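A.B. asks: Taking the hints into account, I'd like the entire structure generated from these sequences.
Be aware that the sequence shown starts at 1, since it is given in my numbering, and climbs by one per residue.
The set of hints was computed from the structure by calculation and includes no laboratory data.
Note that this is a predicted model, so its numbers are computed, not measured.
Careful, some of the hints might be misleading.
Said to hold, decoys possible - Simulated restraints, written as ranges between beta carbons of each label pair: (1) Ala159 <-> Glu73: 32 to 42 Å; (2) Gln53 <-> Thr77: 15 to 25 Å; (3) Glu72 <-> Glu23: 31 to 41 Å; (4) Gln160 <-> Arg90: 26 to 36 Å; (5) Pro163 <-> Thr77: 11 to 21 Å; (6) Ala146 <-> Glu82: 17 to 27 Å; (7) Leu156 <-> Ser20: 19 to 29 Å; (8) His74 <-> Pro163: 39 to 49 Å.
For every residue, glycine included, the Cβ atom is placed at its ideal position computed from N, Cα and C.
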Amino acid sequence: MNLQGRLRRLIPHPSDDSGSEAEVALDMAKYKYLLRVSTPQVFDLVHAEVFAQLPVATREAVYRRLCRDVPEEHRPTSADPEELARAAARAQDDDPVYLLRVLRRPGGAPGSAPEPAGKHRADTTTYGASVLEAAARTAAASPAAAEALLGFDTSLEAAQINPTHSVPRLTGGDHSAPRADWQP
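C.D. replies: Here it is in structure tokens:
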């Protein structure tokens, strides 16, 4: 890919569709940030809202997946959004990328591979993309997440999607200054 093509991918361009790649990437980054930093209370509130927004059939698929993956004492008792949020929190505690995996393929078998990347983006499937993107969009826009998202602009997740975001330098310790023999 030439330089112009690379720059086009980095610079957001206005789009007619509401789910432009830049918006989706921003929502996904915010969702990953929330998964990493939110308190248990915020996690439960945001995910109850996320699960409430899912179509009933998708919510049922997430329910079945949680019932299959989560230890019996933490399984949801129904497909109620609050129950799913509680069970998701337990699963997320044990595996920090659990929800990303489940929302990519809510009905998928554990360890099942995504479809080949020929027709779709490499990191998602057709079904999973709509579920994960919708979940990320809902979580990023949730009023319950507003306070947790205050630090997003200086997070690693923000820097990964937009080079204008910066992560503050660490100060102090052995890593604050380069070694004397370091050459750029």
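A.B. asks: Tell me, which hint numbers fail for this structure?
C.D. replies: 5
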